[in-house]
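Hey, can you work out the whole structure from these sequences and the hints?
For what it's worth, the numbering used here labels the leading residue of the sequence shown as 2, then goes sequentially.
Heads up, a few of these hints could be off.
Derived pair list, reagent style SDA-like, types lysine to any residue, alpha-carbon separation capped at 25 Å [to be verified]:
no.: 1; residue 1: K336; residue 2: P219
no.: 2; residue 1: K415; residue 2: N252
no.: 3; residue 1: K415; residue 2: Q56
no.: 4; residue 1: K247; residue 2: V146
no.: 5; residue 1: K155; residue 2: E115
no.: 6; residue 1: K75; residue 2: Q283
no.: 7; residue 1: K46; residue 2: S193
no.: 8; residue 1: K247; residue 2: T273
no.: 9; residue 1: K336; residue 2: G281
no.: 10; residue 1: K75; residue 2: H324
no.: 11; residue 1: K247; residue 2: E390
no.: 12; residue 1: K46; residue 2: V146
no.: 13; residue 1: K247; residue 2: D417
no.: 14; residue 1: K141; residue 2: R427
no.: 15; residue 1: K75; residue 2: G353
no.: 16; residue 1: K141; residue 2: D388
no.: 17; residue 1: K415; residue 2: S193
no.: 18; residue 1: K46; residue 2: N137
no.: 19; residue 1: K204; residue 2: M192
no.: 20; residue 1: K155; residue 2: D208
no.: 21; residue 1: K75; residue 2: T316
no.: 22; residue 1: K415; residue 2: V279
no.: 23; residue 1: K415; residue 2: D388
no.: 24; residue 1: K247; residue 2: T328
Label pairs and their computed distance ranges (CB to CB) [said to hold, decoys possible]:
no.: 25; residue 1: D52; residue 2: G150; range: 33 to 43 Å
no.: 26; residue 1: N212; residue 2: S254; range: 28 to 38 Å
no.: 27; residue 1: N252; residue 2: S311; range: 31 to 41 Å
no.: 28; residue 1: G85; residue 2: Q56; range: 45 to 55 Å
What the hints contain is simulated information worked out from the structure, not anything from laboratory work. Heads up, the beta-carbon is just placed ideally off N, CA and C, and yes, glycines get one too.
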Amino acid sequence: MNNSSSPQGWYFSRVIAAIIVGAAIITGCGGGVGTGGTGSFSVAKSNLARDTSPQVTDADLAAVTDGTAEFALKVFPLLDTNPGDNTFFSPYSISQAFALLAPGARGTTLSQIEQTISFPLPQDRFNPAFNKLNLNLAGKTTGTVLQNGLQTPKLNNANAVWGQQGFSILPAYLDPLAVNYGAGLNLVDFMSAPETARQTINKWVEDQTNNRIQNLIPPDGVTSDTRLVLTNAMWFKANWASQFPKTGTANGSFTNRDGSSSSVPFMSQVFTAPYAQVAGCQAVDIPYAGGELSMLVIMPTPGSFDAFLSTLSPTVIGDITSHLAHTGMDFSMPKYTFTRESPMGAILQSLGMTDAFAPGRADFSGIDGNRDLFVAAVFHKAFIAVDEEGTEAAAATAINVGVTAAPSANQTVKIDHPFLFLIRDRQTGLILFMGKVVTL
Numbered sequence: 002m003n004n005s006s007s008p009q010g011w012y013f014s015r016v017i018a019a020i021i022v023g024a025a026i027i028t029g030c031g032g033g034v035g036t037g038g039t040g041s042f043s044v045a046k047s048n049l050a051r052d053t054s055p056q057v058t059d060a061d062l063a064a065v066t067d068g069t070a071e072f073a074l075k076v077f078p079l080l081d082t083n084p085g086d087n088t089f090f091s092p093y094s095i096s097q098a099f100a101l102l103a104p105g106a107r108g109t110t111l112s113q114i115e116q117t118i119s120f121p122l123p124q125d126r127f128n129p130a131f132n133k134l135n136l137n138l139a140g141k142t143t144g145t146v147l148q149n150g151l152q153t154p155k156l157n158n159a160n161a162v163w164g165q166q167g168f169s170i171l172p173a174y175l176d177p178l179a180v181n182y183g184a185g186l187n188l189v190d191f192m193s194a195p196e197t198a199r200q201t202i203n204k205w206v207e208d209q210t211n212n213r214i215q216n217l218i219p220p221d222g223v224t225s226d227t228r229l230v231l232t233n234a235m236w237f238k239a240n241w242a243s244q245f246p247k248t249g250t251a252n253g254s255f256t257n258r259d260g261s262s263s264s265v266p267f268m269s270q271v272f273t274a275p276y277a278q279v280a281g282c283q284a285v286d287i288p289y290a291g292g293e294l295s296m297l298v299i300m301p302t303p304g305s306f307d308a309f310l311s312t313l314s315p316t317v318i319g320d321i322t323s324h325l326a327h328t329g330m331d332f333s334m335p336k337y338t339f340t341r342e343s344p345m346g347a348i349l350q351s352l353g354m355t356d357a358f359a360p361g362r363a364d365f366s367g368i369d370g371n372r373d374l375f376v377a378a379v380f381h382k383a384f385i386a387v388d389e390e391g392t393e394a395a396a397a398t399a400i401n402v403g404v405t406a407a408p409s410a411n412q413t414v415k416i417d418h419p420f421l422f423l424i425r426d427r428q429t430g431l432i433l434f435m436g437k438v439v440t441l
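Structure follows, in structure tokens:
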């Protein structure tokens with residue numbers, strides 16, 4: 002491979018572009034020929050098959066799950082750069098994209114990735130545990146039709162690595178990707194046709210997220226110096242276990258973070274759901290059909306949103322969920338839809354992942370046998386839509402490299418001030434998506 006003629010040095014000839022996508026569809030990657038963007042691409046893959054029955058201890062599985070929550074709550078306040086903006090991202094998607102990258106990292110580069118993304122185990126235990134976490138989640142998100150006609154949540158969760166045609170990749174890097182993530186190496190031509198490669202990857206992301214995440218990689222997001230792009234794409238679609246009747250939706254007043262008021266459509270229903278009122282907030286855990294996944298809505302005491310956000314931690318979330326109890330309520334919350342892009346590269350560097358972004362210091366020699374790769378960019382975009390029927394969410398990341406009838410007496414709960422929400426696995430606490438609504 003010819004080195005760059007740039008006077009800044011040969012390190013700039015091999016770039017990893019990191020891309021993370023979140024949504025809800027679970028698929029695997031296969032060998033052969035794929036399609037996307039402006040044409041087809043060939044796929045190189047390890048000869049090893051995905052391990053669909055990984056042997057993982059309960060302690061390791063819990064550690065990885067807890068790590069994703071720690072990462073989510075560590076990053077979330079750093080996304081609050083504009084007080085008036087709503088926020089939404091998928092910590093799970095970002096974690097998966099870096100899980101694809103970590104097997105190729107060495108030394109301080111690897112330890113900084115593990116510390117920043119909260120990977121709590123050595124690679125030989127982490128990857129099987131993450132694989133089992135994905136497989137368990139896939140079993141809960143199959144879109145099964147229940148007796149009441151509702152479908153359980155559907156999740157598409159797809160991983161792929163995009164590499165330069167002819168660029169030598171070590172089999173030792175491809176093997177854990179295939180065994181633990183079902184990912185192969187999709188071959189494109191960054192060197193001669195970077196724009197075509199960008200369109201191909203963006204089209205793959207669109208396809209995996211039901212067209213909810215478009216143009217993830219911006220123009221010039223990959224260049225002729227790019228050698229690898231790592232992608233995770235998620236698409237999530239879920240019905241509420243108890244749907245809101247559309248006839249009950251009516252405009253109401255929502256108090257924004259700056260104290261102003263907006264008239265917005267509120268969905269309403271009388272139902273029983275887990276509810277908690279603890280110091281500083283109210284919380285309602287709204288189950289999706291099947292009962293295994295939910296949206297945990299947390300509304301801090303009016304006027305205290307900023308203070309509450311500054312104290313957010315796994316301990317705080319744990320305290321809230323431990324106090325949840327089934328409560329009959331007259332409940333209402335706003336409908337909302339928005340898309341957000343997050344500056345993940347700068348955030349990750351501020352948390353201590355510096356070597357991966359630094360030519361000359363980055364050590365991804367586990368990918369190609371040389372210390373000539375570095376992360377040039379991390380792109381993350383996420384979409385959320387909440388209405389009477391349920392939730393649709395999508396996210397993408399790229400790395401350049403049963404409800405009972407309500408009792409007669411009900412508590413009135415109206416989510417009419419800034420609030421947080423977490424889409425999560427109720428059993429494990431795994432956070433798939435997280436956001437805040439502060440302005441409508």
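**Report entry** Satisfaction of hint between D388 and K415, Cα-Cα up to 25 Å
**Finding:** 15 Å, holds
Query raised in the report: Has the hinted range 45 to 55 Å been met by the Cβ atoms of G85 and Q56?
Result: 49 Å, holds
Requested in this report: Would you mind confirming whether the straight-line C-alpha gap from K336 to G281 stays at or under 25 Å?
Outcome: Holds, at about 24 Å.
Report task. Assess, step by step, whether the Cα of K415 is no farther than 25 Å from the Cα of Q56, and give holds or violated. Result -> Violated: K415 and Q56 sit about 45 Å apart, past 25 Å.
Requested in this report: Mind checking the alpha carbons of K75 and T316 for me, to see if they're no more than 25 Å apart?
Outcome: Judged against 25 Å, a Cα distance of about 12 Å means the pair holds.
**Report entry** Satisfaction of hint between S193 and K46, Cα-Cα up to 25 Å
**Finding:** Distance of about 23 Å is within 25 Å: holds.
Query raised in the report: Can the restraint linking K415 and V279 be considered satisfied, given a maximum Cα separation of 25 Å?
Result: The given pair, whose Cα atoms are some 16 Å apart, holds under the 25 Å limit.
Query raised in the report: Between K46 and N137, is the straight-line Cα distance small enough, at 25 Å or below?
Result: 24 Å, holds
Query raised in the report: Do the alpha carbons of K75 and Q283 lie within 25 Å of each other, as the hint requires?
Result: At roughly 22 Å apart (the allowed maximum being 25 Å), Q283 and K75 satisfy the hint.
Query - 25 Å limit on alpha-carbon distance, applied to hinted pair K141 and R427 - result: 11 Å, holds
Report task. Compare the distance between the alpha carbons of K247 and E390 with 25 Å, and conclude whether the hinted pair is satisfied. Result -> 9 Å, holds
Query raised in the report: Holds or violated: are the alpha carbons of K415 and N252 at most 25 Å from each other?
Result: Given that 25 Å is the threshold and the Cα spacing comes to 13 Å, the pair holds.
In summary, the structure is inconsistent with hints 1, 3, 5, 12, 17 from the numbered list given earlier, while agreeing with the others.
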